[in-house]
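Here the protein sequences line up with chains L and Z, keeping their order. The opening position of the first sequence corresponds to residue 5 in this note's numbering, with each subsequent residue numbered one higher. The opening position of the second sequence corresponds to residue 3 in this note's numbering, with each subsequent residue numbered one higher.
Hints are not guaranteed to be accurate.
Under the rule of at most 30 Å between Cα atoms (straight-line distance), these lysine-lysine pairs were calculated in the DSSO-like manner [as the list claims (entries may be wrong)]:
{"no.": "1", "chain 1": "L", "residue 1": "Lys-59", "chain 2": "Z", "residue 2": "Lys-54"}
{"no.": "2", "chain 1": "L", "residue 1": "Lys-39", "chain 2": "Z", "residue 2": "Lys-54"}
{"no.": "3", "chain 1": "Z", "residue 1": "Lys-54", "chain 2": "L", "residue 2": "Lys-44"}
{"no.": "4", "chain 1": "Z", "residue 1": "Lys-92", "chain 2": "L", "residue 2": "Lys-39"}
{"no.": "5", "chain 1": "L", "residue 1": "Lys-39", "chain 2": "Z", "residue 2": "Lys-368"}
{"no.": "6", "chain 1": "L", "residue 1": "Lys-39", "chain 2": "Z", "residue 2": "Lys-339"}
{"no.": "7", "chain 1": "L", "residue 1": "Lys-14", "chain 2": "L", "residue 2": "Lys-59"}
{"no.": "8", "chain 1": "L", "residue 1": "Lys-59", "chain 2": "Z", "residue 2": "Lys-422"}
Hint data in this document are derived by calculation from the structure and do not stem from the laboratory.
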Amino acid sequence: MQPIRIIESKTVVLPYTNIDTDQIIPARFLTTTTKEGLGKLAFSDWRYDSNGTPKSDFVLNRPESAGCSILVGGHNFGCGSSREHAPWALLDYGFRAVVSTEIADIFRSNSLKNGLLPIVVDETTHQWLLNNPGAQVRIDLEASTITLPTGTAIRFPIEGFARYCLLNGTDELGFLLQQSDAISRFERARA
Amino acid sequence: MNAKTLFEKVWEQHEVVPETVDTPAVLYIDLHLVHEVTSPQAFSLLRSQGLKMRRTDRTLATMDHSTPTDPDEVFGRVPIKVESAARQVKELEKNCREFGVELLGLGSDHRGIVHVIGPELGATQPGKTIVCGDSHTATHGAFGALAFGIGTTEVGHVLATQCLLQRRPKTFAIDVSGQLADGVTAKDLILAIIGKIGVGGGTGHVIEYRGSAIDALSMDERMTVCNMSIEAGARAGMIAPDETTFAYLRGRRFAPQGEAWDKAVAAWRTLRSDRGARFDRVIEIDADRLEPMITYGTNPGMVVPINGSVPARDGDAVHARSLAYMGLSGGEKLLGKPIQVVFVGSCTNARLSDLELAARVMKGRKVARGVRAVIVPGSQQIKHEAEARGLAKIFIDAGAEWRESGCSMCIGMNGDTVEKGQYAVSTSNRNFEGRQGAGSRTLLASPATAAAAAITGRVTDPRNFLAEMKSAVHS
Chain L
5 MQPIRIIESK TVVLPYTNID TDQIIPARFL TTTTKEGLGK LAFSDWRYDS
55 NGTPKSDFVL NRPESAGCSI LVGGHNFGCG SSREHAPWAL LDYGFRAVVS
105 TEIADIFRSN SLKNGLLPIV VDETTHQWLL NNPGAQVRID LEASTITLPT
155 GTAIRFPIEG FARYCLLNGT DELGFLLQQS DAISRFERAR A
Chain Z
3 MNAKTLFEKV WEQHEVVPET VDTPAVLYID LHLVHEVTSP QAFSLLRSQG
53 LKMRRTDRTL ATMDHSTPTD PDEVFGRVPI KVESAARQVK ELEKNCREFG
103 VELLGLGSDH RGIVHVIGPE LGATQPGKTI VCGDSHTATH GAFGALAFGI
153 GTTEVGHVLA TQCLLQRRPK TFAIDVSGQL ADGVTAKDLI LAIIGKIGVG
203 GGTGHVIEYR GSAIDALSMD ERMTVCNMSI EAGARAGMIA PDETTFAYLR
253 GRRFAPQGEA WDKAVAAWRT LRSDRGARFD RVIEIDADRL EPMITYGTNP
303 GMVVPINGSV PARDGDAVHA RSLAYMGLSG GEKLLGKPIQ VVFVGSCTNA
353 RLSDLELAAR VMKGRKVARG VRAVIVPGSQ QIKHEAEARG LAKIFIDAGA
403 EWRESGCSMC IGMNGDTVEK GQYAVSTSNR NFEGRQGAGS RTLLASPATA
453 AAAAITGRVT DPRNFLAEMK SAVHS
């Protein structure tokens, strides 16, 4: 996992509430046995017509979206299935952070484990971001702030352990494997 | 002693290391269910790090999501048509062999949808922690287990350590008073709940369903309710175990036997929220007032009583976008709307009692012309039982397709799909855009409502059929 400290980018805005994981990556692409190459399939049914031609009016197909690494979505982003293919697809596309007023539990957990930063902001900040697509935003994970081009810096909540892992590019498995003795004691006590 | 909720009791019994300000809890997992779609990358992780599985005896694998439902493909008489799905099936076979996991694979008589076979085999038990790389793992909470969906990285964590790092979620009690009326099912109840609290209403919470209407439900029905907790945003839903639970489990393959059974039941009886236990949130629902429900939009919270109208929300662009996708207008009645597909299946509604309900409606009748009705049992065991009891014959005589078990048209990964623009009345759990196939339009409902639509070719109040049968019985 790539460490995250600062993300500076223009935003891409998808102003829809309840964007579910079937939109982020449709189920028919889940027959893969690897994690790679899913970026071109992200938001497939919104992005391409039935012949596979990019729809020119969809935001990800517009030239100004190229290279953007911050996605702003409507309330309850990532609801639906547990498919980790959703953050894999967004990361492979080039996103490093997702911003909303609410991010679904499993999607959030999956994102944290892959270095995609889920950021929950208040409604005023969210509304500003929705109204200003393409805004140049700076995210500082260490300070847990998102700074708008107006200069306003907003703190966002992030659980300390998850933040530590993201800042250092550490995955949780190493930590869990170190608990091996405690796990053995637990198993013996219950046997 | 502190009064505790059911969730708190199960959580605390599984804390290997309690959470602190700095670190999440290390939570022990009693049962890990594995399927072909969300596990390949997790096994690859173990292989690349040279790790072994910690507890193969707490792991059970099956294949359901991308597997075919055509018997010729299932039993190897012809190759699996979806090539990438065939690769996934092979990969799971290889992984289970290499790591030593019991696999109920394509040829097995005990294969089925992962959330159907866990309970069916008695592997799902009160007080257990159960995870699976699938959000509908919430289903197992019907037994008073703490069961939730995880991603593939976490699947790897459980394979390697039998544990997960978790922050403690909040608690949410949903008290359901009264009783469901005739023709109103557990599916209608959970759709009404999601309609009330919204698709994000349970985010961050574990729901406990309680009250007289819940107590009266069978295990099949309780599973339907808990299954869709995730559609309200809650990773887990739970129901305290009781005599109904114990009667269901007794004698099943993985259930404790003999003295161990009595001991287990005694322990399970303590798994109830104590009087005075505090929940972070509580709401009340009156079951007496509920009617059959049907969705009209592109998430399960967009739901109305079957006789209701599609809500008009002027100025709501997201609502308008959803209705445009569905080809519906605000103010329109759903009743009488022509439909092209009926799907009875999925981890929500493919257990024996669901099939019985659909068969009650379809018995002696024909599927309407131009309608494709697909009935997919939740497991091979249910398939056999439905055949033995004559249900399969009712479906086949009516002109419906009767298939091998699997997720099938709920997720459309195996080629069982709804075509672009078609309306499907489906007993599954998600009506997201494209869920049942690109451009598909899903109306979620109960097996009774789905079966009634198959017969009339239109959205129909199932109570018309059920009442008719009742009067026939009494005359």
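| query | Is Z/Lys-54 close enough to L/Lys-44, meaning Cα to Cα at most 30 Å? | reply | Given that 30 Å is the threshold and the Cα spacing comes to 34 Å, the pair is violated.
| Is the Cα-Cα distance between L/Lys-39 and Z/Lys-54 30 Å or less? | holds (21 Å)
| task | Decide if the proposed pair is consistent with the structure: L/Lys-14 and L/Lys-59, CA atoms, cutoff 30 Å inclusive. | result | holds (21 Å)
| 30 Å Cα cutoff - pair L/Lys-39, Z/Lys-339 | violated (42 Å)
| request: Below or equal to 30 Å on CA atoms is what counts here, so check L/Lys-59 against Z/Lys-54. | output: violated (46 Å)
| said: Next pair to validate is Z/Lys-92 with L/Lys-39; report whether the Cα-Cα distance is within 30 Å. | reply: holds (18 Å)
| request: Measure nothing beyond the straight line between the CA atoms of L/Lys-39 and Z/Lys-368; if it is 30 Å or shorter, mark the hint as holding. | output: Roughly 46 Å between the alpha carbons, so the hint for L/Lys-39 and Z/Lys-368 is violated.
| Can the restraint linking L/Lys-59 and Z/Lys-422 be considered satisfied, given a maximum Cα separation of 30 Å? | Holds - the C-alpha atoms of Z/Lys-422 and L/Lys-59 are around 18 Å apart, at most 30 Å.
Consistency note: the structure conflicts with the earlier hints numbered 1, 3, 5 and 6.
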